[in-house]
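Quick note, the sequences are listed as chains A and B, same order.
By the working numbering, the letter at position 335 of the first sequence is numbered 335, and the numbering carries on one by one without gaps.
By the working numbering, the letter at position 210 of the second sequence is numbered 210, and the numbering carries on one by one without gaps.
Watch out, some of these pointers could steer you wrong.
Stated by the list, open to error - Here are the in silico distance ranges between beta carbons for each label pair: (1) A:E84 to B:D197: 35 to 41 Å; (2) A:K6 to B:K6: 16 to 22 Å; (3) A:D19 to B:R159: 47 to 53 Å; (4) A:Y432 to B:V408: 37 to 43 Å; (5) B:K390 to A:D19: 40 to 46 Å; (6) A:D389 to B:S347: 29 to 35 Å; (7) B:G4 to A:K83: 22 to 28 Å; (8) B:R260 to A:K6: 18 to 24 Å; (9) A:K421 to B:D197: 54 to 60 Å; (10) A:L5 to B:R159: 23 to 29 Å; (11) B:G123 to A:Q393: 35 to 41 Å; (12) B:S347 to A:T23: 48 to 54 Å.
Because the hints were derived from the structure by calculation, they are not lab data.
Where is the CB? At the ideal position from N, CA and C, for every residue including glycine.
Spelled out, the chains give:
Protein chains: 2
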Amino acid sequence: MIRGLKISTPFPHGGKLVDRVVTNPVKGRKMAKHTDAVFDIKPTLYQGVPVRNVYREIMSTCYGFFSPVEGSMTKAEVDRILKERRLLSNWVFPYPLVFDVSDEDYKKLGVREGDSLLLRAKGKPFAILDIDEVWRIDNTEELATKTFGTVEGNPEVVREPFDEKMPGWVIYKSLNPVVLAGKYTIINEPKLLPPFDRFWYPPKKSREEYEKRGWRTVINHQTRNVPHVGHEMLMKNAAYTGDIEPCHGIQVNAIIGVKRPGDYPDEAIIEGHEAVNLGGYINPKRHLVTITLWDMRYGNPLESMLHGIIRQNMGCTHHMFGRDHAAVGKYYDMYATQILWGKGIPSFGFPAPITDVPYGLQIRPQNMAEFWYCPKCGEIAYSANCAHDKEKQKFSGSFIRGMVAEGVFPPGVIFRPEVYKVILKWWKKFNYPFCNPKYVKEKEKILEIDLPDMKI
Amino acid sequence: MIRGLKISTPFPHGGKLVDRVVTNPVKGRKMAKHTDAVFDIKPTLYQGVPVRNVYREIMSTCYGFFSPVEGSMTKAEVDRILKERRLLSNWVFPYPLVFDVSDEDYKKLGVREGDSLLLRAKGKPFAILDIDEVWRIDNTEELATKTFGTVEGNPEVVREPFDEKMPGWVIYKSLNPVVLAGKYTIINEPKLLPPFDRFWYPPKKSREEYEKRGWRTVINHQTRNVPHVGHEMLMKNAAYTGDIEPCHGIQVNAIIGVKRPGDYPDEAIIEGHEAVNLGGYINPKRHLVTITLWDMRYGNPLESMLHGIIRQNMGCTHHMFGRDHAAVGKYYDMYATQILWGKGIPSFGFPAPITDVPYGLQIRPQNMAEFWYCPKCGEIAYSANCAHDKEKQKFSGSFIRGMVAEGVFPPGVIFRPEVYKVILKWWKKFNYPFCNPKYVKEKEKILEIDLPDMKI
């Protein structure tokens with residue numbers, strides 16, 4: 001006898017959703033008043049270009065996306081993560097997350113352990129950092145390398161040494177040397193700007209939404225792309241997993257943050273996914289497009305662990321993973337993520353799948369192989385099914401981007417017309433279908449939020 | 001922590017595969033010699049037409065498809081099945097299975113408890129029945145009704161009283177009154193006739209085949225149809241279930257037995273499924289077409305329980321179930337099977353899903369909703385996804401049969417050309433694309449086997 005094949009909503013990673021957002025402005029103002037110094041959040045730059053904005057980490061932490069993480073990490077926590085990919089509380093976690101300032105700023109601030117710092121965004125009070133520890137990063141390049149691994153140290157999955165073409169490595173290399181460790185609290189609740197506002201489902205809200213919709217099983221699709229038909233098929237097909245029936249819900253969770261040139265703008269990505277359900281290709285009743293604020297590290301298996309944490313916290317039961325998940329270049333094995341979820345990566349501290357280790361994850365992987373277009377099958381075919389080796393036509397992201405850049409209206413087999421119209425809409429607005437340095441800089445000024453006035 | 005999301009091959013129902021086939025002809029001949037009487041197997045007739053052939057039950061029993069059942073059932077076993085749908089050993093089982101003879105034949109045979117009976121098929125020694133008990137069915141119509149249920153007694157799933165339009169009810173109503181209960185042993189191993197021979201994978205062999213192919217997870221598709229593209233899509237899509245990745249194997253298991261007029265001939269069914277993999281629509285490496293000998297009872301949820309038992313014995317981890325599973329007419333709720341597997345049917349003895357009760361099944365259901373053709377999606381769309389209510393075109397079996405009967409070459413969206421060619425091939429052979437009374441009678445003479453000569 002097997003007891004109960006039905007899967008239910010996983011508990012949050014670490015057992016409890018972090019909620020560090022003060023929604024009462026009177027209380028928030030009072031807390032802001034009792035801080036010891038003020039600091040204006042700035043993007044992290046590399047060669048003058050924004051590569052990260054800690055404001056996104058503060059948002060995702062305080063709204064519980066990264067539960068059980070509550071703030072900027074102490075040295076001991078970062079050391080344990082780099083050694084075992086675990087928090088001091090034992091729960092698995094892939095990346096160091098820190099609030100870093102320059103020596104110059106640190107001197108100016110004059111803060112120390114026990115002090116609290118008022119953080120401003122867009123010139124307005126935003127959050128508080130209660131400083132538990134001040135520590136130094138001796139060598140950011142070393143930190144960056146330790147974060148992502150080496151060919152010798154992580155032979156299961158690392159194929160090439162990381163360098164400055166890897167955005168995540170650049171983010172860690174560009175950190176300021178002084179870390180102020182401690183918990184964040186948002187004291188002035190931001191308002192998401194359109195179109196981001198209608199996709200904002202922090203974990204507490206997403207869990208409520210699933211319950212309202214009667215979704216017991218929900219599979220997540222990670223995205224940083226406007227969905228072509230291949231993506232749509234991946235979503236639809238991976239969603240047949242579930243337990244005794246296909247997953248009730250399909251959630252798209254788009255990672256919103258600093259872009260690379262050539263990426264689609266975030267606005268086109270989320271509205272493009274929405275167009276899939278507005279167009280009726282995936283019934284809106286079964287489909288929910290959401291966002292998480294995060295500057296992608298492109299750490300393939302490590303990033304997939306963070307994705308698992310975020311989506312488990314949001315209440316998903318399943319997560320689809322394809323080839324080259326959250327990857328850039330050829331640093332990692334193209335199946336590194338599936339290795340982590342399928343058998344584990346001992347050199348990262350996981351001798352078993354990440355769901356099967358103590359203090360591991362509960363969300364279940366659906367590891368998918370490839371899709372291609374097959375004119376003989378007359379469909380976007382799954383590689384395990386279609387045996388038409390001569391006829392198959394692989395999807396090429398760069399080919400599709402090239403087609404878009406040249407203004408060719410793509411055939412229905414590549415983009416649904418409703419989705420392509422979204423690309424055109426934002427192309428008009430930004431004068432180009434893809435992100436350029438101007439878009440990137442502009443975005444780090446506007447961010448994705450507005451803040452209410454708050455006089456201190 | 002969850003320990004192990006990976007699913008492994010289930011053990012046979014009841015714990016052990018039944019194997020009652022004597023493969024050594026010398027031993028078989030010796031056993032045949034020591035029998036007390038001889039009986040020539042005959043089809044069960046209803047109004048002169050064959051509706052069942054017990055030879056198929058003997059084959060499926062002795063080769064382990066029905067494990068742990070070993071033969072014709074005693075009265076106590078039949079009573080318990082009708083009351084609780086369990087064998088005396090507690091394992092769940094849906095149907096009475098008996099070896100029945102007429103009063104006249106019983107008198108002629110002159111056998112009693114403790115005797116053994118040599119059964120001949122096609123005039124040759126085939127099997128032995130070791131008689132443990134002789135009992136009488138008082139009222140076969142009552143037995144038939146008790147087997148399938150009533151509107152009052154089984155309100156969760158029975159919608160209309162059973163009658164002579166229901167083939168399973170007719171089978172039980174047509175039984176002879178004397179039951180010879182006891183174990184079967186095949187003592188002269190039959191040779192399956194072409195084209196059935198290459199689809200013959202009894203449980204032991206199918207399990208070996210999966211292992212050879214490296215299939216840890218296998219989903220079964222039940223069929224009694226030449227597959228149209230909707231069936232193909234059901235198979236491909238249901239197969240995305242599995243555990244941490246889509247099912248490794250897709251098994252088609254065709255029920256081969258007495259046909260109803262209007263059915264496709266068995267030969268076209270199995271070669272039609274094979275054409276799906278030979279045509280490359282489902283890679284032959286992932287696809288296995290197999291058969292089970294059984295005269296369908298069309299008992300919807302009860303039949304699905306038998307299907308679960310057969311395919312669990314074959315080694316499958318999953319079984320797909322659609323609407324109106326193994327149904328005819330409107331006797332049962334169209335979702336009766338999914339009710340059995342999703343929450344249980346208390347009136348049949350199952351207050352919980354059939355996988356969650358003691359001595360229940362291990363094979364996991366994948367309960368699927370509907371598929372239809374949607375010209376807007378440009379695909380066979382799943383009802384939970386496609387929201388194009390105006391455009392959708394439902395598959396109609398009778399429409400498709402009508403098209404075939406009129407010799408219209410159906411569009412690619414209905415039949416793959418390779419599959420349609422199989423229909424044509426057998427149409428030529430049988431002079432009609434569907435089964436007629438002549439085919440049905442002819443088949444009960446030839447059966448699906450040849451038997452070696454065996455002199456007693």
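Now the hints, each set against the structure:
1. A:E84 to B:D197: 35 to 41 Å: 57 Å Cβ-Cβ, so the 35 to 41 Å window is violated.
2. A:K6 to B:K6: 16 to 22 Å: With Cβ atoms ~18 Å apart, the hint holds.
3. A:D19 to B:R159: 47 to 53 Å: holds (50 Å)
4. A:Y432 to B:V408: 37 to 43 Å: About 51 Å separates the Cβ atoms of A:Y432 and B:V408, which means 37 to 43 Å is violated.
5. B:K390 to A:D19: 40 to 46 Å: holds (44 Å)
6. A:D389 to B:S347: 29 to 35 Å: This hint is violated: roughly 53 Å between Cβ atoms.
7. B:G4 to A:K83: 22 to 28 Å: holds (26 Å)
8. B:R260 to A:K6: 18 to 24 Å: This hint is violated: roughly 36 Å between Cβ atoms.
9. A:K421 to B:D197: 54 to 60 Å: holds (56 Å)
10. A:L5 to B:R159: 23 to 29 Å: With a Cβ separation near 27 Å, A:L5 and B:R159 satisfy 23 to 29 Å, so the hint holds.
11. B:G123 to A:Q393: 35 to 41 Å: Distance hint for B:G123, A:Q393 is violated at roughly 58 Å.
12. B:S347 to A:T23: 48 to 54 Å: Check passed, 52 Å falls within 48 to 54 Å.
The structure fails to meet hints 1, 4, 6, 8 and 11 from the earlier list, while all remaining hints are met.
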